[in-house]
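Participant: So the chains spell out like this:
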Amino acid sequence: MFGKGLAKGLGITFRHMFDKKITEFYPEDMPTLPPRTRSSLALNTPKCISCGMCSSACPNKVITLTTDKNESNKKFLTSYHMDLTRCLFCGLCTEACPTKALYTTTEFENAVYFREDMQWDMMQRYRDKVASGEIKEEVKPETKQEEAKDNG
Amino acid sequence: MIKTQELEINLGPQHPSTHGVFRMITKLDGETVTSVESKVGYLHRGMEKLAESRTYTQYIPYTDRLDYLASINNNLGYVQTVEKLMGVEVPERAEYLRIIFGELQRLASHMVAIGTGSLDLGGFTPFLYTFRDREKILDLFEMTIGGRMTMNMPRIGGIIEPPEEFWPALNKFLGEMPGSIEEYHGIITGNEIFQARTVGVGIISPELAEQIAVTGPNLRGSGIKWDLRKNAPYGIYDRFDFEVPVGVNGDCFDRYIVRVREMEESIKIIHQAVRDIPEGPTFAKVPKLIKPSVGEVYHRVENPRGELSFYIVSDGSTKPYRLRIRGGTFVNIQVLPYVAPGWKLADVIAILASLDIILPECDR
Amino acid sequence: MPQYGSGLFVSIAHLIRGLFGGTTVTADVVMTVINSLIIWALIALAALSLILLERKVAGWMQLRTGPNRLGPRGWFQTVADAMKLLGKEDIFPAAADKWVFGLAPMFVIGLSVMVMAVIPYGKGMVPVDLNVGIFYLLAVSALTTIPFFMAGWGSNNKFALLGGMRAVAQMISYEIPLVFSLLGVVMITQTFKMSAIVNAQSHVWFILLQPLGFVVYTIAATAETNRAPFDLVEGESELTAGAFTEYTGMRWALFFLGEYANLFIVSAVAATVFLGGWQGPFLPGWIWFAIKVLFMVFLFLWFRWTFPRLRVDQLMHFGWKVLLPLSVANILLTGVGIYIYQLIYPAIGG
Ligand code: SF4
Ligand code: SF4
Numbered sequence: 001m002f003g004k005g006l007a008k009g010l011g012i013t014f015r016h017m018f019d020k021k022i023t024e025f026y027p028e029d030m031p032t033l034p035p036r037t038r039s040s041l042a043l044n045t046p047k048c049i050s051c052g053m054c055s056s057a058c059p060n061k062v063i064t065l066t067t068d069k070n071e072s073n074k075k076f077l078t079s080y081h082m083d084l085t086r087c088l089f090c091g092l093c094t095e096a097c098p099t100k101a102l103y104t105t106t107e108f109e110n111a112v113y114f115r116e117d118m119q120w121d122m123m124q125r126y127r128d129k130v131a132s133g134e135i136k137e138e139v140k141p142e143t144k145q146e147e148a149k150d151n152g
Numbered sequence: 153m154i155k156t157q158e159l160e161i162n163l164g165p166q167h168p169s170t171h172g173v174f175r176m177i178t179k180l181d182g183e184t185v186t187s188v189e190s191k192v193g194y195l196h197r198g199m200e201k202l203a204e205s206r207t208y209t210q211y212i213p214y215t216d217r218l219d220y221l222a223s224i225n226n227n228l229g230y231v232q233t234v235e236k237l238m239g240v241e242v243p244e245r246a247e248y249l250r251i252i253f254g255e256l257q258r259l260a261s262h263m264v265a266i267g268t269g270s271l272d273l274g275g276f277t278p279f280l281y282t283f284r285d286r287e288k289i290l291d292l293f294e295m296t297i298g299g300r301m302t303m304n305m306p307r308i309g310g311i312i313e314p315p316e317e318f319w320p321a322l323n324k325f326l327g328e329m330p331g332s333i334e335e336y337h338g339i340i341t342g343n344e345i346f347q348a349r350t351v352g353v354g355i356i357s358p359e360l361a362e363q364i365a366v367t368g369p370n371l372r373g374s375g376i377k378w379d380l381r382k383n384a385p386y387g388i389y390d391r392f393d394f395e396v397p398v399g400v401n402g403d404c405f406d407r408y409i410v411r412v413r414e415m416e417e418s419i420k421i422i423h424q425a426v427r428d429i430p431e432g433p434t435f436a437k438v439p440k441l442i443k444p445s446v447g448e449v450y451h452r453v454e455n456p457r458g459e460l461s462f463y464i465v466s467d468g469s470t471k472p473y474r475l476r477i478r479g480g481t482f483v484n485i486q487v488l489p490y491v492a493p494g495w496k497l498a499d500v501i502a503i504l505a506s507l508d509i510i511l512p513e514c515d516r
Numbered sequence: 517m518p519q520y521g522s523g524l525f526v527s528i529a530h531l532i533r534g535l536f537g538g539t540t541v542t543a544d545v546v547m548t549v550i551n552s553l554i555i556w557a558l559i560a561l562a563a564l565s566l567i568l569l570e571r572k573v574a575g576w577m578q579l580r581t582g583p584n585r586l587g588p589r590g591w592f593q594t595v596a597d598a599m600k601l602l603g604k605e606d607i608f609p610a611a612a613d614k615w616v617f618g619l620a621p622m623f624v625i626g627l628s629v630m631v632m633a634v635i636p637y638g639k640g641m642v643p644v645d646l647n648v649g650i651f652y653l654l655a656v657s658a659l660t661t662i663p664f665f666m667a668g669w670g671s672n673n674k675f676a677l678l679g680g681m682r683a684v685a686q687m688i689s690y691e692i693p694l695v696f697s698l699l700g701v702v703m704i705t706q707t708f709k710m711s712a713i714v715n716a717q718s719h720v721w722f723i724l725l726q727p728l729g730f731v732v733y734t735i736a737a738t739a740e741t742n743r744a745p746f747d748l749v750e751g752e753s754e755l756t757a758g759a760f761t762e763y764t765g766m767r768w769a770l771f772f773l774g775e776y777a778n779l780f781i782v783s784a785v786a787a788t789v790f791l792g793g794w795q796g797p798f799l800p801g802w803i804w805f806a807i808k809v810l811f812m813v814f815l816f817l818w819f820r821w822t823f824p825r826l827r828v829d830q831l832m833h834f835g836w837k838v839l840l841p842l843s844v845a846n847i848l849l850t851g852v853g854i855y856i857y858q859l860i861y862p863a864i865g866g
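Protein chains in written order, with the working numbering: chain W, 1 to 152; chain A, 153 to 516; chain F, 517 to 866.
Hint data in this document are derived by calculation from the structure and do not stem from the laboratory. Please note that a few of the clues may not be correct.
Below 30 Å or equal to it, Euclidean Cα-Cα: the simulated DSS-like pairs (lysine-lysine) are [what the hints assert, rightly or not]: (1) F/K604 <-> W/K21; (2) F/K604 <-> F/K614; (3) A/K382 <-> A/K440; (4) W/K61 <-> W/K47; (5) W/K8 <-> W/K20; (6) W/K8 <-> F/K614; (7) W/K74 <-> W/K47; (8) W/K20 <-> A/K201; (9) A/K440 <-> A/K191; (10) W/K47 <-> W/K21; (11) F/K674 <-> F/K614; (12) W/K47 <-> A/K288; (13) W/K100 <-> A/K420; (14) A/K191 <-> F/K674; (15) W/K47 <-> A/K324; (16) W/K8 <-> A/K443; (17) A/K440 <-> W/K100; (18) A/K437 <-> A/K236; (19) A/K201 <-> A/K443; (20) A/K201 <-> A/K324; (21) A/K236 <-> W/K8; (22) W/K69 <-> A/K440; (23) W/K47 <-> W/K20; (24) A/K288 <-> W/K20; (25) W/K136 <-> W/K47; (26) W/K61 <-> A/K443; (27) A/K179 <-> F/K600; (28) A/K236 <-> A/K496; (29) W/K21 <-> A/K155.
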């Protein structure tokens with residue numbers, strides 16, 4: 001009979017009126033993204049061995065790093081710069097990194113007002129993070145916790 | 153003196169229903185369309201040229217940006233082409249994972265297709281229901297690889313292993329799907345207004361479809377049983393038991409219903425893959441630096457929007473010498489000038505929606 | 517049954533009249549001014565709350581929450597939107613026919629005010645209780661076609677022109693079943709007067725006597741108000757915004773206001789003619805009226821957020837080949853019914 005499908009559709013929409021809503025209340029309830037989410041990149045400077053694999057893996061030449069050698073002929077980073085305007089967030093750089101010094105993070109609020117703010121000085125960002133207490137200076141927080149347990 | 157004149161209106165490139173930046177120059181006699189001229193190319197980014205300055209691995213994320221609603225399928229197509237060129241054997245588990253993710257992506261893509269199809273006919277709510285379900289798939293992807301639209305998941309020689317929590321989440325999703333499809337049938341398929349708008353509208357005859365080389369659900373909607381997963385199986389599609397749904401009349405409704413039925417088949421395939429998947433590694437032994445020997449290769453896969461094929465010429469270096477992409481949309485869209493005339497303006501929108509175009513793949 | 521508080525507004529009106537002593541002419545003038553002000557306020561209020569309701573209901577049906585930022589649960593959202601629209605630039609397209617383009621939105625809203633004057637909001641609460649109320653209402657609301665066409669023509673835009681053409685075709689075809697569907701009620705009550713029609717429903721609502729009339733009315737009214745599944749005038753998927761494509765700021769807002777005022781009007785007419793108007797137990801009459809109007813409004817919202825849009829030729833077919841015969845059949849049935857009724861109870865009725 002004509003109208004049966006219409007009535008069924010009406011029934012479906014009416015039922016959904018009382019369903020649980022799936023809206024995310026974003027700034028109030030921050031979503032917790034799964035750990036693998038590639039929404040931002042961060043560098044753990046002490047872990048970096050200045051090998052340059054990340055920069056050569058990147059398809060878009062986002063990463064430029066400069067290195068220097070210390071007395072014991074060991075390379076160390078002097079600057080690590082990312083041009084986020086060109087980044088695809090593809091994660092090829094973090095995959096290539098042998099020490100996982102460069103890693104993806106779940107921070108997704110990357111919007112900025114000015115183009116210049118997309119030029120990331122990764123070493124500075126690391127220092128800021130340490131200063132703000134977001135990450136510990138020492139690379140392995142697990143061992144620290146164990147130590148704390150042993151002591152106390 | 154009064155005279156009648158055809159009204160020429162320009163739909164797009166900014167228009168609510170041209171799915172991006174497609175442009176149609178439409179001539180109208182009253183409300184009836186007399187001719188449609190399609191203009192593409194507004195989204196040309198030089199994808200093929202870009203490949204020549206990227207290494208083989210580096211090009212994978214670019215294939216995400218062809219048909220961005222089916223990025224894993226694109227990745228797979230490209231990766232398999234390179235593997236074919238190099239003669240790499242992919243581990244079993246990786247093959248199964250590729251099937252699972254490919255079909256999940258197909259589901260997500262078809263959801264957008266039927267949702268926007270309904271939206272273009274003025275039904276807003278069904279569109280959000282399909283997106284609600286697509287969201288679940290995207291959550292699965294996000295959990296596995298970290299991306300939602302541009303996945304960049306398969307690698308040359310393998311695929312990324314999903315985390316532990318992926319499998320229960322997948323099962324939950326598969327359990328919810330039949331109910332959702334039932335709901336689409338209730339609110340879209342069974343709706344008399346939807347049927348009135350689509351049944352018998354925009355018929356693509358099998359001959360026309362063959363002449364223009366339409367592929368994908370649009371071809372099957374015209375009643376031609378041609379699906380690369382069955383007719384020229386790639387990967388391990390030959391091990392799965394699934395139907396290739398076909399339409400009867402080749403109208404908008406058939407193209408719609410073929411997609412819904414394909415979704416059911418995809419769920420079947422995923423179920424089989426989840427049942428059969430072996431343990432083991434997900435990466436073959438491939439060198440870090442991909443350097444295929446001199447040669448050329450052509451490979452095609454069945455994407456949600458038709459056949460996607462890559463043609464790669466290698467000069468033995470780390471970068472392709474030439475890469476050519478054949479996308480489904482670019483070809484499918486060519487039927488529009490043949491099908492649209494004679495229908496009302498609103499029907500042209502319905503036809504366009506039923507063709508399920510995606511412009512980045514078309515313009516590349 | 518007792519209705520508490522029914523006389524509230526009527527008493528207020530009496531009080532105001534009382535202030536002017538016996539000079540009825542002054543009292544009449546003042547009352548007319550107050551009435552018209554109230555109607556304006558009502559339009560604004562109805563439009564603002566209906567827009568919010570529409571967005572909320574749409575949200576709920578789509579598993580969203582709808583507007584939720586401004587004020588408690590987003591109740592002030594439409595107020596803010598209206599403010600924003602007031603602040604927008606008023607753009608006249610270079611090629612537009614200035615007078616026609618500029619006047620169209622005012623006509624829309626003016627016609628809505630004229631129609632709202634004859635609706636019985638409660639017992640004794642009819643701003644102007646014409647003895648040809650329904651007739652007047654239909655006549656004036658039929659005019660709403662003209663501003664839409666003016667908008668479409670005046671914009672000098674192809675999309676707008678198509679939208680305007682559709683408006684004319686659609687509204688004229690659906691005006692006829694709309695009128696015919698109300699005729700059955702008029703035949704039963706033998707009057708055009710709105711308050712008399714409500715009074716006649718003190719025992720049984722006409723929706724029970726005229727179910728077919730109600731259905732035809734609801735469908736035709738959806739088309740009259742240009743709402744989905746008959747929103748071809750706007751038709752955003754093919755015509756971007758149809759007749760309103762070129763409008764900006766407050767002029768566009770007036771169309772929007774008019775659309776929701778029309779929604780309110782058709783719902784109010786349905787409530788008056790088919791659902792017993794202010795009649796109902798316990799609660800004051802105007803609250804009953806509001807409940808019934810809201811019910812009708814919800815029905816329209818529900819349709820809009822469930823159905824896709826019809827095509828222009830299907831719309832015409834449906835109007836002329838289905839609705840018109842149905843409404844004529846309804847009149848015939850009503851006539852036969854009345855005849856039989858009079859045979860049985862010769863004392864009662866016409
Ligand atoms: S995410 Fe991709 S584009 Fe961005 S820096 Fe890493 S490799 Fe380069
Ligand atoms: S690949 Fe890792 S270790 Fe090497 S330079 Fe880049 S961040 Fe440092």
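Participant: Against which earlier hints does the structure fall short, listed by number upward?
Facilitator: 1, 3, 6, 8, 9, 10, 12, 13, 15, 16, 20, 21, 23, 27, 28, 29
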